[in-house]
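> Below, each chain spelled out in residue letters.
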Amino acid sequence: MTAATTNTPVACPGCLATPVEGAPVALPDARVVLSLPTIHCQACIAKVEKALNAHPGIKNARVNLTLKRALVEAEPGVNAPELVTLLEGEGFEAHELDPGALNETATRMASRDILMRLAVAGFASMNVMLLSVAVWSGATDSTRDLFHWISAAIAIPAIAFSAQPFFRNAWAALRAGRLNMDVPITLAILLALVTSLWETWLSGHHAYFDAALTLTFFLLAGRWLDARARSAARSAAEELTALEVPRAWRIEAEGPSEVSVAELRVDDLVLVRPGGRAPVDGVVTEGHSEVDRAMLTGETLPEVRGVGDVISAGEVNLTGPLTLRATAVGQDTSLQRMAELVAVAESGRSRYTSLADRAAKLYAPGVHILSALAFLGWLIWSGDMRISLNIAAAVLIITCPCALGLAVPAVTTAASGRLFGKGLLIKNATALERLAEVDTVVFDKTGTLTTGKPRLSNWADLNARQQEVAYALAQGSSHPLSRAIVAVAQSAGLPVQPLKGLVEKPGFGTEAEANGQIQRLGRPDWVGVAVEQDGICAALDVGDGAPVFLTFEDDARMGATDAISGLKDAGIRVVLLSGDRVTAVREFAAELQVSEWHAAMLPHQKAQFVKALREEGHHVLMVGDGLNDTAALATAHVSISPAQALDAARAASDMVLLGQDLSPVAEAVLVARQATKRIKENFRIATLYNVIAVPLAVAGMATPLIAALAMSTSSITVSLNALRVRGRG
Amino acid sequence: MNVLAYLIPISLILGGLGLVGFLYTLKSRQYDDPDGDSRRILSDTWDDAPKP
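Residue numbers (numbering that gives the first Met the number 0), protein chains in the order written: chain A, 0 to 728; chain B, 0 to 51.
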């Protein structure tokens with residue numbers, strides 16, 4: 000578990016010399032992490048582990064079913080792609096994960112640390128509570144003193160250990176000249192300990208050791224819930240990032256070899272295969288192809304690229320292999336420069352204060368003043384330091400935010416659990432609260448509301464021969480339009496008819512010869528017709544010299560209509576922003592019944608649009624996937640991106656949609672509103688308990704028994720109220 | 000009431016044993032894969048001899 004740096008080879012030049020030509024680079028110190036999304040039972044575990052352990056060179060392989068991952072420790076020379084093929088042969092879907100992007104140990108350590116403190120606090124508070132019950136039920140004199148001393152002996156070390164997170168936070172806040180929830184907590188715990196010790200010393204009647212410990216226990220429980228929900232979300236988000244192992248094919252003297260993107264330098268020759276994403280900015284030196292720029296611009300039409308053309312990092316190569324000479328790598332690529340826009344925009348959002356912080360701001364000074372007044376009042380009235388201090392401690396303990404500390408985490412855990420079940424991952428702690436305030440939703444079109452995959456729309460207009468030829472020609476290419484033709488032909492149950500001499504002309508289309516005639520499928524100008532309509536289209540010539548057009552549509556994503564109607568029902572304004580052409584956007588907006596739309600928007604225009612809405616006082620939810628949305632995602636009040644989105648877009652958004660379905664978006668808003676309502680209800684419940692118990696404490700009538708009762712009942716009521724969010728789902 | 004002199008230490012030690020046991024399971028990473036562990040017991044792979 001030591002090295003997270005396994006995926007950066009080439010610490011030594013010798014490592015580069017060893018691999019066989021064209022083979023992937025072996026990882027020098029191999030710890031391979033594989034994602035296995037389909038495993039679900041004990042038989043899967045046994046099968047995967049058996050297959051991996053039987054593979055030569057593997058020292059140890061262990062499956063983690065909770066995370067759906069396999070951890071493999073292997074000798075140098077074993078590489079991940081061969082393990083992926085091995086597992087796919089066994090019938091399991093497998094993906095390589097970048098171990099560098101998974102720093103789960105840190106998040107898990109934090110959660111485990113809190114759990115350990117929680118265990119100690121739980122153990123100690125149970126014991127002290129039992130001793131206290133004896134005191135409350137009438138133990139007197141020396142027995143009571145003995146019990147108090149034992150309680151002190153348990154409570155002091157237990158609190159010194161388990162309440163450390165509060166002490167540290169409080170100290171950090173005080174040093175920065177601020178007040179947070181941890182300040183009154185720390186003060187209450189310490190004051191309770193000191194007065195109780197003093198009382199015990201003087202054989203007094205009331206000691207609050209149990210209260211101090213129960214307080215610590217309940218508050219730690221809240222923290223633990225919080226940490227666990229956050230580490231689950233972070234681990235899922237990291238897995239998404241780790242799935243994109245950054246590799247590139249560099250052309251070297253002895254041929255192309257696979258290297259980490261981090262090693263590429265300016266002027267390196269980089270091979271981008273069809274279907275691959277350009278890792279660097281560069282100029283094409285060899286090849287002719289089409290590129291998909293949808294991630295960067297939102298434009299659905301592929302563009303042609305030939306020798307001498309410029310390609311930016313992040314563009315997807317579609318048809319033929321391209322060789323690039325790198326002009327900018329790493330931090331200097333246009334992709335990275337766009338990502339920097341995000342950092343600027345994000346600084347605006349961090350100004351949001353969470354409900355808990357706002358409550359703390361009202362609450363913390365309030366209890367301190369109240370407790371100080373009670374202390375002063377009693378000191379003046381009775382002149383007895385001991386009684387006054389006791390009463391001040393009682394006030395602090397009774398008002399202490401046990402329920403307040405649970406109010407937010409209990410609700411957020413329940414709500415994020417419910418949304419996670421629906422396929423929505425909440426990355427940011429305050430995202431739910433911000434989502435509840437949303438009154439305007441801005442959608443990106445390509446890849447967000449649409450699938451980003453074209454569908455052939457005029458298949459039925461073709462005659463049988465045209466359908467057959469189109470199918471046969473389309474099989475020779477992996478271009479998205481060809482794949483769309485194959486998909487529709489297969490669903491129509493067309494028989495496969497192989498063509499002789501099928502060749503793909505990268506960047507143009509495919510052609511074949513039949514009965515002395517040339518059959519072509521590809522770009523309209525190549526096939527020999529002028530484009531007469533707007534939209535994505537290809538042309539087909541079956542050899543009779545009368546080409547026909549094939550038109551394509553970008554389908555709405557599953558659940559898009561539901562999401563939009565759901566949002567409208569909730570009284571939310573829906574806006575469609577797209578970088579695509581006006582006609583495409585207009586039709587699509589009409590289909591989804593969105594009346595407000597803007598087309599041909601540049602990335603910074605999108606961000607400005609969102610900013611303008613913000614300045615008008617609207618709370619905007621931005622849903623987008625591309626790099627062109629990244630700045631807008633970061634500017635918006637709260638943002639969602641689909642899991643297929645670019646890494647930068649996912650990083651900029653607060654929530655990630657894991658499935659294909661878009662409908663959880665509308666539901667998320669409703670759940671968020673409900674959750675915020677519960678949080679506020681919880682604050683009210685906690686306040687109600689205080690309103691009842693504080694006068695008793697100030698009047699000096701609060702015994703440790705009353706404090707324990709008030710604290711436990713309010714905490715339990717608040718937790719039960721929070722669980723109501725989970726229901727109906 | 001002298002019986003307390005025995006009972007309280009005994010109960011504390013017993014409770015403490017439980018706490019130490021829990022901390023041991025936590026330290027030895029037994030909560031890393033709750034789903035997997037509950038499933039592994041159903042497979043007969045290591046029934047005859049413990050995993051080496």
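Wrong hints could be hidden among the right ones.
Unchecked claim - Partial chain B-side listing against chain A, Cβ under 8 Å, derived: (1) 7; (2) 11; (3) 16; (4) 20; (5) 21; (6) 22; (7) 25; (8) 32; (9) 33; (10) 35; (11) 38; (12) 39; (13) 42; (14) 46; (15) 47.
Hints were generated in silico from the structure; no laboratory data involved.
Just so it is clear, CB atoms sit at the ideal spot from N, CA and C, and this is done for glycine as well.
> Evaluate each hint against the coordinates.
Now the hints, each set against the structure:
1. With a cut of 8 Å, the hint placing residue 7 of chain B at the interface with chain A holds, because the nearest CB-to-CB distance is about 6 Å.
2. With 8 Å as the threshold, the beta carbon of residue 11 of chain B comes within range of chain A, its nearest partner Cβ sitting at about 6 Å, so the hint holds.
3. With a least beta-carbon distance of about 10 Å to chain A, the hint placing residue 16 of chain B at the interface is violated under the 8 Å criterion.
4. Given hint, residue 20 of chain B at the interface with chain A, is violated; its Cβ is 10 Å from that chain's nearest Cβ, farther than 8 Å.
5. The interface hint given for residue 21 of chain B is met, as the beta carbon of that residue sits about 5 Å from the closest beta carbon of chain A, less than 8 Å.
6. Of the supplied interface hints, the one on residue 22 of chain B holds, with its beta-carbon coming within about 6 Å of a beta-carbon of chain A, less than 8 Å.
7. For residue 25 of chain B, the shortest C-beta to C-beta distance to chain A is roughly 6 Å, which falls under 8 Å, so the interface hint holds.
8. Here the hint on residue 32 of chain B is kept, as its CB sits about 4 Å from the closest CB of chain A, short of 8 Å.
9. Interface hint status for residue 33 of chain B: upheld, as the beta-carbon distance to the closest one in chain A is roughly 6 Å, under 8 Å.
10. Given hint, residue 35 of chain B at the interface with chain A, holds; its Cβ is 3 Å from that chain's nearest Cβ, closer than 8 Å.
11. With 8 Å as the threshold, the beta carbon of residue 38 of chain B comes within range of chain A, its nearest partner Cβ sitting at about 4 Å, so the hint holds.
12. Nearest Cβ of chain A to the Cβ of residue 39 of chain B: about 6 Å, under the 8 Å cut. The hint holds.
13. For residue 42 of chain B, the suggested interface contact is upheld, since its CB lies about 4 Å from the closest CB of chain A, less than 8 Å.
14. Interface hint at residue 46 of chain B: violated, since its Cβ lies 12 Å from the closest Cβ of chain A, which is beyond the 8 Å cut-off.
15. The beta carbon of residue 47 of chain B comes no nearer than 14 Å to any beta carbon in chain A, farther than 8 Å, and the hint placing it at the interface is violated.
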